[in-house]
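Single-letter residue listing:
Protein chains: 2
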Amino acid sequence: MLLGNYPGKQGLKLPATKFKKLSPPPRILLGPGPSNVSKAAYDALATPIIGHLDPDFLAMMDEIGEMLRTVFQTRNRLTIPMSGTGSSGMETAFVNVIDPGDTVVIGVNGVFGERMCDVAERCGAKTVRVEAPWGDIIEPDGFISALKKNPEAKIAAIVHAETSTGARQPLEEIGNHLRDTDTIFLVDAVTSLAGCDLKIDDWGVDICYSGTQKCLSIPPGISPVTFSEKAENALFSKKNKVQSWYLDLSMICKYWGSERVYHHTAPVSMLFALREGLRIVLEEGLQNRFERHEKLGRMLSEKLSALGFEPFAREGFQLPMLASVILPEGLDDAETRRTLLNEYKIEVGPGLGETKGKIWRIGLMGESCSAENVEALSSALKSLRGG
Amino acid sequence: MLLGNYPGKQGLKLPATKFKKLSPPPRILLGPGPSNVSKAAYDALATPIIGHLDPDFLAMMDEIGEMLRTVFQTRNRLTIPMSGTGSSGMETAFVNVIDPGDTVVIGVNGVFGERMCDVAERCGAKTVRVEAPWGDIIEPDGFISALKKNPEAKIAAIVHAETSTGARQPLEEIGNHLRDTDTIFLVDAVTSLAGCDLKIDDWGVDICYSGTQKCLSIPPGISPVTFSEKAENALFSKKNKVQSWYLDLSMICKYWGSERVYHHTAPVSMLFALREGLRIVLEEGLQNRFERHEKLGRMLSEKLSALGFEPFAREGFQLPMLASVILPEGLDDAETRRTLLNEYKIEVGPGLGETKGKIWRIGLMGESCSAENVEALSSALKSLRGG
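Protein chains in written order, with the numbering used here: chain A, 681 to 1067; chain B, 681 to 1067.
One should not assume that every hint holds.
[Said to hold, decoys possible] One-sided and incomplete, this derived list gives chain B residues near chain A with beta-carbon spacing under 8 Å: (1) ARG707; (2) MET747; (3) VAL948.
Hints are computed from structural coordinates only; laboratory data are not their basis.
Remember, it's a predicted structure, so these values are computed and weren't measured experimentally.
No residue lacks a Cβ here, since even glycine has one placed at the ideal position from N, Cα and C.
Modelling step: build the complete structure from the supplied sequences, incorporating the hints.
What follows is the structure, given as structure tokens:
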């Protein structure tokens, strides 16, 4: 039984009074996402909507494109938000390029590298895995060797910010190697976009996707993607129709481009929120934003270390916006997180897969990345640890 | 050039002051969707979010399931919202059941029947089209004959409310025929759900999907789907992995079911809105809601007819929430819609495909379905027509 018991057949008779007005508890979101949402984004969500073909809406789409290019640090014209969460961006990245039988080289050092293999294989790709232990990075040398052994590879894919481990993957060396090849450089930046430096054009990244619920501090549900000219060419020279109608960029870019051809009804409110979220990022300035995440991330790590939580990700390659820490001996994972949530209203994230019960993942992303929150968490932990 | 000119490379230098705070114009949304959103849904969207694995969020997911079953008039346990627009629901309906080579019989009498063929073919299905002119229904007899000629069909698919033509498709006779066969009865109810009667269980529908931006009056971006036990069995006996990781119900239902396994980060705010939108539907009562749409739909049609706009969809099979009307001789389609939008703040929808320039599609859905709006539109048209 997958979804629990069958409900009674209540049809029209479900009492209207059964459900009270929505009122979720207050939370400080310091998990691996979603992070707290900016007031500007909530205002946007509460703004009365207009139609998805309204001239004012089309003008706003152009603004979103312009702002997204700035945040991705790219000139790629094909830079748009997909109507789904970050995982739909991952799927978009693969389905629009791969034909069955294509080779894809993938770095696997956590959940999201693993997921890329699954997605690529569902497109009929032959996957070549380049593995590293969880918490470590994929050594650029080793990855480049694998690419040299598989020069026919259509895609080389790697995760910039492994949300499951807290490792920050260096990209420049790989991008430089791929620049003069036919292989497309595909990067998962769900957790890193707008939180640490990510230079799509300068680093030679061809396809990149992200989410909104991390350092952009908009609710989850939209996935910004960018495709370079090289990736666009691959899209338009693909042999078979894109297997997903919903994520078919050859159709969707006619809606985002000057033709304005209806594809699906755009998620108006979420795009309002994205527009405002991006505006807030530009107001702060990308560089200032990166520095805030660096500084507070370092402050948090020091405080955690003093409390007995040692870093899990490899030294020198730790993400500023997501600290992965090893639980001190004797600390009860689930029980402590429950107390943090119920008594302190603070959410932190558990380990996934092989790190379950062994690490926590603590996000300081976007709105959540503040000195007050660092203080709130560390003093709560101090109390709990009897410090 | 698909997306217009390349923007200049502004990188970090885009001036923060360039973008003012979002402020879209007010609109009365009387197109084919989105419709106006209820205050309850806007309140929900502006409510501070919580995590997608927070115990309070999980409890809310159960409430959504319970309310959705009531609105779909079904006991199907697999009744959940997909994290995308109505078109992602369509794709979900096909990708989770079809293996390459399967036969699918599809009724085609408008854009959305056509789209179902495209989606099914991308899954490798052999499609059998049962066609009727736009504005007409698919004759149940003819559809059933096609099913008898293709008894091996995995799916029989039809659109309940053809948003492109305004035709309301009768479903009961087809459902009765399919009930004791192995063929799955798949229905598109994007425009009809919560606006006119739709009895999933009583009518023998196995798979149904909808959108939120029509009669539920929540912004676009979520797609409620329901799968019967027969459809669930097809899902779990499918030979190949679902080609879409993002829409793979065998994984997603473990998050919505009692196991609570993380799949993708749920679109928290949109689910808050769905929860409140559904609550509003139950408060009004399904039957009352259907009667409101019937009564006001009839009132609008009469007023439009008096102004020279005759119904496009076949008599006796017109949708209550979406009037499709033939433009009177001499009326300029684009120009008149522009005036309605700019001077009266009213949006109506143009014809699609072969009906472009010939018909309008006027929605009276959910919040937009009010006597004031009928009055506002008809008096605006009266002025414009010099009446």
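We went through each hint and held it up to the structure:
1. ARG707: Where the cut-off is 8 Å and the nearest Cβ of chain A is about 5 Å from B:ARG707, the hint holds.
2. MET747: Given a least distance of 7 Å, the restraint on B:MET747 holds.
3. VAL948: holds, 5 Å
Figure legend: structure checked against the earlier numbered hints; every hint is met.
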